[in-house]
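Chains A and B, in that order, give the protein sequences. According to numbering that gives the first Met the number 0, the first sequence is numbered sequentially starting from 0. According to numbering that gives the first Met the number 0, the second sequence is numbered sequentially starting from 0.
These are calculated hints, taken from the structure and not from any lab test. Hints may be right or wrong, so weigh each one.
Under the rule of at most 30 Å between Cα atoms (straight-line distance), these lysine-lysine pairs were calculated in the DSSO-like manner [stated by the list, open to error]:
| hint | chain 1 | residue 1 | chain 2 | residue 2 |
| --- | --- | --- | --- | --- |
| 1 | A | K33 | A | K56 |
| 2 | A | K33 | B | K151 |
| 3 | B | K151 | B | K484 |
| 4 | A | K33 | B | K123 |
| 5 | B | K418 | B | K484 |
From chain B, some residues computed to sit far from chain A (all C-beta separations above 10 Å) [as the list claims (entries may be wrong)]:
| hint | residue |
| --- | --- |
| 6 | V23 |
| 7 | Y199 |
| 8 | Q345 |
Part of the chain B face toward chain A, derived, beta carbon under 10 Å [what the hints assert, rightly or not]:
| hint | residue |
| --- | --- |
| 9 | L70 |
| 10 | Q111 |
| 11 | A430 |
Built from N, CA and C at the ideal position, the CB exists for glycine as well.
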Amino acid sequence: MIRATARKICMLGDFGVGKTSLVARYVHGTFSEKYLTTVGVKVDTCEVARPDGTDCKLVVWDMAGRNGVDTLAASYLRGASGLLMVADGTRAATLRTALDLLMQARAVVPEAAAVLMLNKLDLIEHWEIEPLTVAELRNSLPVFETSALSGDGVARAFATLTAELPA
Amino acid sequence: MSALPAPVLAHLQHTVLARLHPTVFSYASDGRFLGCSGEPAVFGAEADPSASADLLRDLFIGMDEDQPCELPFIVLPGGRSTHLHRLPDRDGFHILLLDAGAEHARQQAQQQIANEETLAGQEKSKAIGLLKRIRSDLESERGELEEANALKSALISTLSHEFRTPLTSVFGYLHLLERVIGRDPDAVPALRAIQRNATYLFTLAENLLEYGRGDSGAALLHPDEIDLIALARDVEAMIRPLADDKRLELIFDIRVREEDRPVYDELRVRQILVNLLSNAARYTIAGRIAVGLAFADGQLTIDVADTGPGIPPEYRERIFEPFNRGGPGGRKGAGLGLSIVRRLVQQMGGRITLDSAPGQGSRFRVELPQQVRTTGADAIAETPDRTELWTRARTAIVVDDDPDVAHLLESLLLDLGFKVEIHDNAVAGEAAALREPPDVLLVDVHLSGASGNALVFRLRAQGYRGAIVTVSANASREAHDAALKAGASTFLTKPIELSRFIHTIQRALQRGS
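Between the sequences and the hints, there should be enough to build the whole structure, so can you do that?
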């Protein structure tokens, strides 16, 4: 039996919502305006401190944008302790996709912790998601309005997920 | 299956190995890294193979350890896309890395195009949706503006209409007062002041009503044969007190033959004359106002020249704009008069010109082509013999629920030698008219209970053939047409001026039903 030395986190969401940019912001502190689609999975790692004072290694699986969990995606999800669901605030449809993906992902990894990132907070004037909707979502899971551009909310979302990872 | 020929196998081994750069990380059963072989440098693992080995091992967390397992297209932190295979072995396991860079690049290029197209399509849909919303908002706003404009017009029309009824009393009783105290030197200035202000109010009400009609006014033109001489006299009677008050000389030069009955909308021509003349009277401090009225070769020419302050060139266009009172003469009116004049002239296909210079006075010239008559049935057969109409005692019934107006009409009719009977409702008026038909029946449109038009209609429906004059404060073409359609002989608008009143009674007596 291989000892779990790290925690696997999967990022899921429609294409173009900013998953790769969020990882780049969180792990490397960088941001690029250029959109480059992800094929397969981009893997990155980082060390984070847990609330109990221990360090934890996160292996972040930035999965290609999709609107459903197929066999391949299910294979990528296997073993994940946490799910970072990402939606684009300027595209309401991506929120529905994120929630659908969450439901499907939970069928594969029912114990995984999950948070929802509503990205592109810097474009709030163009958001299609209503504040009331966000308030209602918060009754179901932690929700963070984030901006990969400015970094707003990104670290808090990762920290919250890390804190909620199952032991 | 037989083995492949050795040269083929050698070629395949060479090309596949060259393309995939197979690299193997080997582990003990407890996950301990044992070593690597192949080309770890291709995957950025040559510097610290142990750290890379830890990451690779962690990628398979939670997966079945006893079965071969594949993770395609894993982009490692170094940026290399890799197909990862974990292969169990008797004493541990191996992780095989196969380079997927070329395949990844191809797929990424295709996916990039597809995703960008989808995003562009979504943006386009969003933009179209936004444009539709903007258009819908604009249409909605336009609807609201049109509604507000209609309300504004209705309000202006109602207000100006409401002006007319009290002005009827004012003008009428002024006439009576003039007869009684017109020679009293102390009373004349007071009478003139009342007349001047009533005229101003009347002009304002007419202009507001016209303004409220908006640009649809052309459709309301109602050309008919008109008596230009009588019209000129009416207007002169209205303006002369204003001129006298300022000791201005008012000269009328009328070049119209008695027998001429040119076809124009009388109300509109009157409005043009009243506006031009009241402006001249208002702005001229001393000197004279000369009015020329000529009809020849199918064209009516109105010339109004004054010795007022004149209009500088920079104001000449501006004075024709509504609510513009910025001329050198200061703020003496509502600023509607000349804009209304120009609009009416344009509606009648005519033109207006201005010749003016500061200190030299102003001269407005209006040329109106004769209109096409639209109310043949209403035309006067011939000018009545005025003296003949009054040679015998006549009877009149007045139906009006406003006692002031009823009393005024009674006074005017008594002056003309009529015997007058007054009723304040349609039922009593109808019964009286049928009982003993008068020579002329005057009916106000707005009566409490059944309307004046209903009364006229009912009378005509019972074969009543006497002369009926419908009186209304509503000067609109619709009101005029509705009255005639109900059966009125003529239509008289308030406020009532004596000369127009006499003319209307004459026409009604000529026409009957």
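Verification of the supplied hints:
1. For a cut-off of 30 Å, the pair hint linking K33 (chain A) to K56 (chain A) stands: about 29 Å separates their Cα positions.
2. Restraint check: the Cα-Cα separation between K33 (chain A) and K151 (chain B) comes to about 55 Å, which exceeds 30 Å; the hinted pair is violated.
3. For the hint linking K151 (chain B) to K484 (chain B), the alpha-carbon distance of about 29 Å falls within 30 Å, and the restraint holds.
4. Simply put, K33 (chain A) and K123 (chain B) have alpha-carbon atoms about 20 Å apart, close enough for the 30 Å limit, and the pair holds.
5. A threshold of 30 Å between alpha carbons decides the hint, and for K418 (chain B) with K484 (chain B) the separation of about 28 Å falls inside it, so the pair holds.
6. Every beta carbon of chain A lies more than 10 Å from that of V23 (chain B), the smallest distance being close to 17 Å; the non-interface claim holds.
7. Under the 10 Å C-beta cut-off, the non-interface status given to Y199 (chain B) relative to chain A holds; the minimum distance is some 55 Å.
8. The beta carbon of Q345 (chain B) is kept farther than 10 Å from every beta carbon of chain A, the shortest such distance being approximately 48 Å.
9. Contact between L70 (chain B) and chain A, as hinted, is supported at the beta carbon level, the nearest pair being about 7 Å apart and thus within 10 Å.
10. Given the 10 Å rule on beta carbons, the hint for Q111 (chain B) holds: about 5 Å separates it from the nearest Cβ of chain A.
11. The interface hint given for A430 (chain B) is violated, since its Cβ lies 71 Å from the closest Cβ of chain A, which is over the 10 Å cut-off.
Taken one by one, the earlier hints fail for this structure at numbers 2, 11, listed in ascending order.
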